[in-house]
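Protein chains: 2
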Amino acid sequence: MAPENTPPALSEEEIIRLIATLAGEGGGDLAVGIGDDAAVLGGPAKGLVVTTDLLVEGSHFDLGFMGPAAVGWRAMAANLSDLAGMGAQPAWGFLSLGLKAGPSPRFVEELAGAMVDLGQEHGLVLAGGDTVRSPQLIINLCLMGRMGGAAPLLRSGGRPGDAVCVTGGLGGSAAGLAWLQAGRDPDQQGPARAVAAFTRPQPRLAAGRALAQSGRVHAMMDLSDGLASDLARLTRASGLGAKVEAGLMPLHAGALAVAAELGGDALAWALNGGEDFELLFTCDPGEVGLLAELVAEAAGGLAVTQVGRLGPGPGVALVQDGRERDITMGGWDHFREDST
Amino acid sequence: MAPENTPPALSEEEIIRLIATLAGEGGGDLAVGIGDDAAVLGGPAKGLVVTTDLLVEGSHFDLGFMGPAAVGWRAMAANLSDLAGMGAQPAWGFLSLGLKAGPSPRFVEELAGAMVDLGQEHGLVLAGGDTVRSPQLIINLCLMGRMGGAAPLLRSGGRPGDAVCVTGGLGGSAAGLAWLQAGRDPDQQGPARAVAAFTRPQPRLAAGRALAQSGRVHAMMDLSDGLASDLARLTRASGLGAKVEAGLMPLHAGALAVAAELGGDALAWALNGGEDFELLFTCDPGEVGLLAELVAEAAGGLAVTQVGRLGPGPGVALVQDGRERDITMGGWDHFREDST
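Protein sequence lines, in the order shown, are assigned to chains A and B.
Residues in the first sequence are numbered from 153 upward in steps of one, following the working numbering.
Residues in the second sequence are numbered from 153 upward in steps of one, following the working numbering.
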């Protein structure tokens with residue numbers, strides 16, 4: 153029994169809190185430290201935001217269900233989405249790659265090529281990295297972005313009574329994965345939209361910048377773990393709670409198509425599926441219409457939907473068929489449960 | 153047979169070149185991209201340097217030979233050493249951690265605590281990161297530093313006839329590992345110095361800054377893979393070659409002690425062992441004395457030794473007992489050979 157496996161075990165949130173405590177307050181040249189989508193630097197690096205994400209084969213992706221290009225694309229999308237969640241403009245990226253022995257040129261080209269392509273689409277330059285040998289594929293991206301004068305949008309800015317809004321449709325990515333795992337035809341009309349949401353998610357950078365530049369958004373983050381978990385993080389950071397309505401949830405068209413074919417639950421995918429990489433934000437209820445217009449204009453018609461309100465809390469409640477139930481965090485944790 | 157294992161396989165250097173080609177030239181806001189110890193940012197982030205390193209249990213460290221504190225310390229030291237190799241002052245760090253299921257508080261505290269401690273010693277603030285579940289321990293650090301007005305020292309600045317110099321003693325880290333692998337007493341006088349060089353290496357940040365601020369160093373990098381590999385990289389980046397003399401090599405006192413006990417070769421550890429995290433730099437031969445004084449003053453008496461000269465090249469030759477042999481790269485590659 154290795155020492156690191158001895159109980160009591162820590163949850164993911166407890167590990168982050170422990171490291172944040174060890175790291176201390178940070179000092180004058182760090183405006184926002186551990187705990188938001190990205191860190192906000194200060195001093196001579198004012199206006200720079202930095203985010204990092206580690207993806208491990210087996211935990212985060214399975215090369216049996218997708219090729220190296222999809223893996224690379226999704227890794228870059230997840231990190232760009234963290235910059236979108238602050239309202240930042242991508243600038244520089246650093247890629248650490250753990251590869252099995254004897255990688256083929258084609259594998260590396262497809263993997264790194266997809267990352268570079270998606271990054272360049274959003275103005276990101278791959279500026280450095282590290283390449284090592286590893287028992288499984290490992291991808292770490294560390295991305296830096298610029299705020300361009302706007303204030304970074306944090307999770308902690310929510311106010312009581314705020315409208316809770318999301319961009320786009322939810323649940324598509326999880327539905328796409330379920331479709332692939334069921335071994336069904338990835339090109340079948342309807343479900344193909346969910347497959348695309350899973351293999352080629354589109355981070356909402358233009359929408360994020362428009363929302364940051366509007367000066368009217370109180371709190372924002374990207375949706376990477378599902379609304380139940382991510383809204384719980386936003387409400388906790390804001391010292392509030394939230395109530396969302398099942399009937400208002402903008403379910404992804406691909407998720408509805410997959411649910412109809414496989415008998416799955418599109419609402420569950422939207423709440424707990426994760427990796428939709430849409431934006432979650434709060435604002436005065438009277439501003440939703442204006443912000444929806446700004447987002448549609450900046451991001452090619454992307455929809456904004458109000459799904460609920462912030463309240464005294466704590467926790468996140470779902471209202472469905474006149475009944476309320478607690479959906480805080482969706483019970484999901486990498487470390488405590490075998491939920492991979 | 154997985155697709156990524158199909159021949160022809162790429163070497164580590166070929167992978168880096170392939171990714172650099174895919175990434176392209178970078179554009180106006182990147183002064184130095186893929187290929188040096190760290191990237192040098194431009195535009196509004198002028199004067200910032202960024203480096204990243206990925207460490208994977210089994211490939212880079214073995215928890216059987218060292219505890220989590222030594223693993224954390226060495227990971228931070230390796231990254232800080234890359235900043236030292238540019239002459240930068242550490243500022244912000246981002247830690248991605250892959251942990252097995254059910255990590256204990258003590259394991260995480262020792263691992264992250266050692267990283268935070270060494271970072272703080274050098275002015276680094278841990279500003280963010282990511283924590284995920286993984287089959288083995290994975291550590292990725294992405295560190296940012298500031299040049300504070302000095303020009304970053306690159307690998308490519310070497311000039312024909314330059315003196316090739318190193319700080320400190322070489323081979324201690326590899327000797328310490330050999331001592332631990334042999335199951336010998338880590339506290340035995342003599343070898344204990346090699347064990348300390350392995351478990352608690354000291355990155356040469358003060359020396360690196362003094363050298364950068366002197367304006368008299370032509371090329372610099374840190375010694376992470378051994379002189380044979382790292383000098384080959386410096387000479388290639390400078391379009392030159394080098395000749396070093398075995399008799400001039402500053403062998404680490406702990407390496408000599410371990411070699412005497414185990415019958416190992418201290419010179420081989422110095423040339424090919426790696427992870428000494430000393431500095432390698434080149435300058436006019438007439439400046440070595442002055443630079444040695446600057447380093448000694450800035451870094452508590454740290455020694456500078458001239459070990460050879462840059463010449464037309466290519467490649468790195470070792471002169472020993474009047475004979476010359478090619479030691480370029482020491483034949484070492486993570487991907488092509490089972491050299492872990």
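Treat the hints as calculated values from the structure; they're not laboratory data.
Since the model is a prediction, treat every value here as computed from it, not as a measurement.
Mixed in with the good hints there might be a few duds.
Same chains, same label: a pair holds when it works inside one copy or across any pair of copies.
With a straight-line cut-off of 16 Å between C-alpha atoms, the simulated EDC-like cross-links for lysine to aspartate or glutamate are [stated by the list, open to error]:
{"hint": "1", "residue 1": "K252", "residue 2": "E164"}
{"hint": "2", "residue 1": "K252", "residue 2": "E165"}
{"hint": "3", "residue 1": "K395", "residue 2": "E476"}
{"hint": "4", "residue 1": "K395", "residue 2": "E165"}
{"hint": "5", "residue 1": "K198", "residue 2": "E165"}
{"hint": "6", "residue 1": "K252", "residue 2": "D339"}
{"hint": "7", "residue 1": "K198", "residue 2": "E413"}
{"hint": "8", "residue 1": "K395", "residue 2": "D473"}
{"hint": "9", "residue 1": "K252", "residue 2": "E209"}
{"hint": "10", "residue 1": "K395", "residue 2": "D478"}
{"hint": "11", "residue 1": "K252", "residue 2": "E166"}
Q) Honestly, which of those hints from before does the structure not fit? A) 4, 5, 6 and 7
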